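Peer 1: Next come the chains, spelled out residue by residue.
4 protein chains.
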Amino acid sequence: MTDAVRAALRGQRIELPSWAFGNSGTRFKVFAQQGVPRTPYEKIEDAAQVHRYTGVAPTVALHIPWDKVEDYTHLAGFAKEHGVGLGTINANVFQDNDYMLGSVTNPDPAVRRKATDHLLECVEIAAAVGVRDVKLWFSDGTNYPGQDSIRARQDRLAEALQETYDALGEDQRLLLEYKLFEPAFYTTDVPDWGTAYAHCLRLGDKAQVVIDTGHHAPGTNIEFIVAFLLREAKLGAFDFNSRFYADDDLMVGSADPFQLFRIMHEIVLADALRQEAGIAFMLDQCHNIEPKIPAQIRSVMNVQEATAKALLVDHDALAKAQDEGDVLGANAVFMDAYNTDVRPLLAEVRQEMGLDPDPVTAYRDSGYADKIVAERVGGQQAGWGA
Amino acid sequence: MTDAVRAALRGQRIELPSWAFGNSGTRFKVFAQQGVPRTPYEKIEDAAQVHRYTGVAPTVALHIPWDKVEDYTHLAGFAKEHGVGLGTINANVFQDNDYMLGSVTNPDPAVRRKATDHLLECVEIAAAVGVRDVKLWFSDGTNYPGQDSIRARQDRLAEALQETYDALGEDQRLLLEYKLFEPAFYTTDVPDWGTAYAHCLRLGDKAQVVIDTGHHAPGTNIEFIVAFLLREAKLGAFDFNSRFYADDDLMVGSADPFQLFRIMHEIVLADALRQEAGIAFMLDQCHNIEPKIPAQIRSVMNVQEATAKALLVDHDALAKAQDEGDVLGANAVFMDAYNTDVRPLLAEVRQEMGLDPDPVTAYRDSGYADKIVAERVGGQQAGWGA
Amino acid sequence: MTDAVRAALRGQRIELPSWAFGNSGTRFKVFAQQGVPRTPYEKIEDAAQVHRYTGVAPTVALHIPWDKVEDYTHLAGFAKEHGVGLGTINANVFQDNDYMLGSVTNPDPAVRRKATDHLLECVEIAAAVGVRDVKLWFSDGTNYPGQDSIRARQDRLAEALQETYDALGEDQRLLLEYKLFEPAFYTTDVPDWGTAYAHCLRLGDKAQVVIDTGHHAPGTNIEFIVAFLLREAKLGAFDFNSRFYADDDLMVGSADPFQLFRIMHEIVLADALRQEAGIAFMLDQCHNIEPKIPAQIRSVMNVQEATAKALLVDHDALAKAQDEGDVLGANAVFMDAYNTDVRPLLAEVRQEMGLDPDPVTAYRDSGYADKIVAERVGGQQAGWGA
Amino acid sequence: MTDAVRAALRGQRIELPSWAFGNSGTRFKVFAQQGVPRTPYEKIEDAAQVHRYTGVAPTVALHIPWDKVEDYTHLAGFAKEHGVGLGTINANVFQDNDYMLGSVTNPDPAVRRKATDHLLECVEIAAAVGVRDVKLWFSDGTNYPGQDSIRARQDRLAEALQETYDALGEDQRLLLEYKLFEPAFYTTDVPDWGTAYAHCLRLGDKAQVVIDTGHHAPGTNIEFIVAFLLREAKLGAFDFNSRFYADDDLMVGSADPFQLFRIMHEIVLADALRQEAGIAFMLDQCHNIEPKIPAQIRSVMNVQEATAKALLVDHDALAKAQDEGDVLGANAVFMDAYNTDVRPLLAEVRQEMGLDPDPVTAYRDSGYADKIVAERVGGQQAGWGA
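Protein chains in written order, with numbering that gives the first Met the number 0: chain U, 0 to 385; chain V, 0 to 385; chain Y, 0 to 385; chain E, 0 to 385.
Careful: at least some of the hints might be erroneous.
As the list makes no split between identical chains, a pair holds if one copy fits it or if it spans any two.
[Stated by the list, open to error] Calculated cross-link-like contacts (lysine to aspartate or glutamate; reagent style EDC-like; alpha-carbon spacing at most 20 Å): (1) Lys319 to Asp107; (2) Lys113 to Glu44; (3) Lys28 to Glu181; (4) Lys205 to Glu120; (5) Lys67 to Asp357; (6) Lys233 to Asp95; (7) Lys205 to Glu275.
Derived from the structure by calculation, the hints contain no laboratory data. Quantities reported herein were computed from a predicted structural model and do not represent experimental measurements.
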């Protein structure tokens, strides 16, 4: 079994978000950090560091317009030179002044047109650089009961999704994300997986649901949703992060590592870890108070550790105990894998890949952090621009 | 407008649950009350009292086997004599010792067979007494991570649902209820509306989703689900009750009357109040510490008041403000209806229907409560038999 | 009774937050609105409009340094000319770059010194303008388990509070606010009322707890806390706002008007509405998408309506039903008040006070909104400066 | 360091609840298990098995009247013969019919008298068998707004607590437990740690707070409460169990093992693990679907594993990183301990104690389970008697 586990771990792929390298914060304060990228190019340089030391993070998701450049092909080439590639294109229809009352669900048709045009632009950018996935998250919703018609907004949403879907190339996908609340506080227009699922079902096979691990109501069993969407062949991607309360966007695995293990267990059970299964495993995080590059390295490692544990579950013993109704026995098999210290195994896997067994230390010793602090002086640091 | 409102209120139909008249409680204690029914016949007598004073609660839902009788036709006749009719048949596959690890999702095929047979029996009973709806709620789920396969349980669930669905008569419906947790504490097999919706979609037009207002995670926007399922033509019924924390099963409208108004607003907006729309409005409550008959009367009145307010919303003014993006204006139109005291209107409606304008006092003055305390001595009081 | 109710309503005082008139938003976007104040002076002009039409909002809370001016006495004089006065001084120790890892609980003593000095400055400002209350809310906390010592941070907090308390003048008070989360996501240093209470108890009589209605875990019964702190004579103030999920900071009374009524019921029961009781009733809200002045007017009216209903509760009938263990009867007395439409009563009260019975329309007709849009061109709009 | 860790683990003491060996369930169903004790004596026999294989569970908490016997001294002697002792006496004032509307907070003084008398009886029983702790949990509360006076109930509670406190012997303690909800659904009379703390503070040094890990609102940071109460010297005991949603009472460590580690970290940091610190570490669980004795063994082991990890935290390195504001470094030190597989260490500790390194297997191989199934035929199985 170990060989298969090692192979699976070597073959794992985790996508990094360009925006994790820029400044971020809360509505109360964005604390700027030294050495933060000023351009999409510098973000890619930083992301390349994460891949350099982990070996499993070879692509970088972009956020448009945060990562708007003149020439995306040039950016893709730059990424390639740095050992990485461009990943999912994330549309952003929440920061224009026109979007105060919604983007694609806005009561004003002109605003909806503008928003949908942006979605189409994202499809085009993705096509231009040969990227499969366009990810849609809408901040759309309402703050007050009665503010707008829930149903009318669904109709408008469906229309914009359809137009975007129709523009997809043969090998492209539309990934639809849901979120319980924030920034809308009474309703969001895609609040839960059921809503995203229903829309994707109507759109067709190229529309898939994204699970952001921070976007649920308290008490939601996320691995159930993972298992259910896998059964329905409607799970397209993850946005990994951690939360204690709301959409805290902390490092994945830092708040509830056992939950992350349970999620990866469902992935492994459904044989959905391998790339051909078509699940995109992305990070989507904020590093408000910790340095960004090592935080991304740590996050990648956390996903790796949860995955390694999930791969170690003895599926035969588990199935046997489950069939026999042996509640404690089945749980014991499951916990046995979780309680295993997989760090030595991962250190070995890294060495097999020609990497330092300790990515955090290797990065720290590289001097890169000091270098960017020294070099990136002046200019406008990247951030959300809220 | 007032005439239409009055007509709508006169035509409203709310179904009572037979089990609300029996004893109920928590795992800590069931406090028996005096005068509680000993038989399904006595439950129907009590339910008939609620209809007598409210005029809008003409049917009584049954729970099998709690309401098992030799001859359902005889029970239906008895109900008719008392001015009411039999309503939804509720299956119960959570109280047999065999169901400790699940009913239709149990790993043991023999247990699944037994559970499915009970569902089929419920379809038969419904057919025998000419009842349209069979409602399925499953306590099935797991308490511990790893205890059973989430996916295998979905497969088993789908199989049992399909067999039950196939047994439905032409005019019958299968109503599928979801619940976040309790009595299962790690996963339930139908935890949310998305799961119920997906199953109903595969089953076909005769399968519809039930919204129990107490079965959601904290923060869930229930009226969104109402609006969404109405748009998808997949909302079949409500189980009305109130909650502050979990599935508290308090009197509907007692914990958050504004939420109940918002739910009824979506119903009114979609013109789904009238009976032809096919939404069954049922109560599903426990009266652990308050007397049961007046608690049911109060609950019916709470639904009526929320409905009356929803009917008073000025839809034209609301739509205009919404179209103009007038956040405060739209909210004000909405709140204007909610803040109206509709009790005088409902008193008039009752008088138009030949009823006492004050059902609570009329019931209290009737002496019925004393009568059943005096008469129902001995025997085994009805309860959940947990 | 009505005379007493009217008198109580005429005597009610609600404090407005200066920051509600500036721009605000979420981490995703701050949508700037036209006509927004550029200076503390303009904020006071706007606040004065709210008082002008409601008659019960005669003071304006300041946030330092958002409302920093050269001469606070001059600002107080300006307020007086506009018919209002300065209210609670709110310290702000969450926006300096030094506070990334905490202010008064920061591991670095120099940062703690700086933060405490700011608190002392706020006490001085309050003293200078004759304001009783200094309100402290700390964004301090940690994002990751292990990040800092929970206990050491309590020690540091206690030290800073003590130093601030010692600087209070005879008639001054320190108001300590608690908050479950945001912007800190693993622990906050004052997460709940118990923590605030324990600190205030040690400090002494001039330290009191602030209840912000949006700062609790889901399911928290806020009116219980109100009743408990009143019993302990440790309730100093409210920060009123509404929430559906987290600290949404919506208009008070807009998400759960019944909860607001229940809170005001505890206030009325304890005879704590009158000003001599020393409870400061403040608004603390964001108007991210709605116009700010009418939103404040609506919020004041919502508090008035909840108060009027609370004043209408028949305390004798309630106590009688409670003593008799009449669950439904007691609840009915309570709901009878809540279900009353108090808007006509409040319209009359306003007329008695020489005000327009309809503050929203009166404001709208005044032309003030157009005036400030026209006049306030150029300059830097006020906001949180996050 | 390892020697100290081993010594600490050998010296750890975990108390078992007698009721965990009886039947339990939800309001929907109690599934009876074979071999379940019929008497307090048989419960003690079962508890002794748990201690026999773990070596760290030498006391058994009793619940009065569930464990009512003629002669408690005789019961204590029986326990001693079986290698264990009697532990905390738990009062039960929630199952008499008189307590429907509350016990010590009931509006009826006669009911309050009866309830307080029971508390006094528990103090006497504890004194009779030389037990230090009497633990009070009240199911008291209300289901409906207005049902009773929140404040009057606090007055009544304070009175009963005072009378009970006054009856304590010199070395006895009153442990006060809090709970957010269930079985009361609108308010409980001791909903949170702040309420319990305030009452204990007034009572005096012999009154301490109990933290039941399942009794909090979603999102509550329990280890903060642990650290805070330790700082205030007001933490008396734990009721350990796990929850995903409400008070699920699952095996401790099964839902969120990382949380249990964080709790034990605060205990270790405050040097409160050793018995002289006076913290009682009790289990309080239901085993609704799993066999009870091995579930208790597993629970004890889960606490041991969390404790071992907490003991392995490198406090010097942690403090250094915290002082330097090294967010990632401090978290890494913390996680390093958590990610360690401590099962080999605990196996060694058990061998040092003369125990089998694998308690679960040792118990299973003992044949005890079969023996009790065969022997315990007839009689009334123990349960909650709800």
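Peer 1: So, for every hint listed, does it hold in this structure?
Peer 2: Here is what the structure says about each hint:
no. : hint             : verdict
1   : Lys319 to Asp107 : between (58 Å within a copy, 12 Å between copies)
2   : Lys113 to Glu44  : neither (32 Å within a copy, 37 Å between copies)
3   : Lys28 to Glu181  : both (17 Å within a copy, 11 Å between copies)
4   : Lys205 to Glu120 : within (18 Å within a copy, 42 Å between copies)
5   : Lys67 to Asp357  : neither (34 Å within a copy, 50 Å between copies)
6   : Lys233 to Asp95  : neither (31 Å within a copy, 36 Å between copies)
7   : Lys205 to Glu275 : within (15 Å within a copy, 37 Å between copies)
Of the numbered hints given earlier, the model fails hints 2, 5, 6; all others are met.
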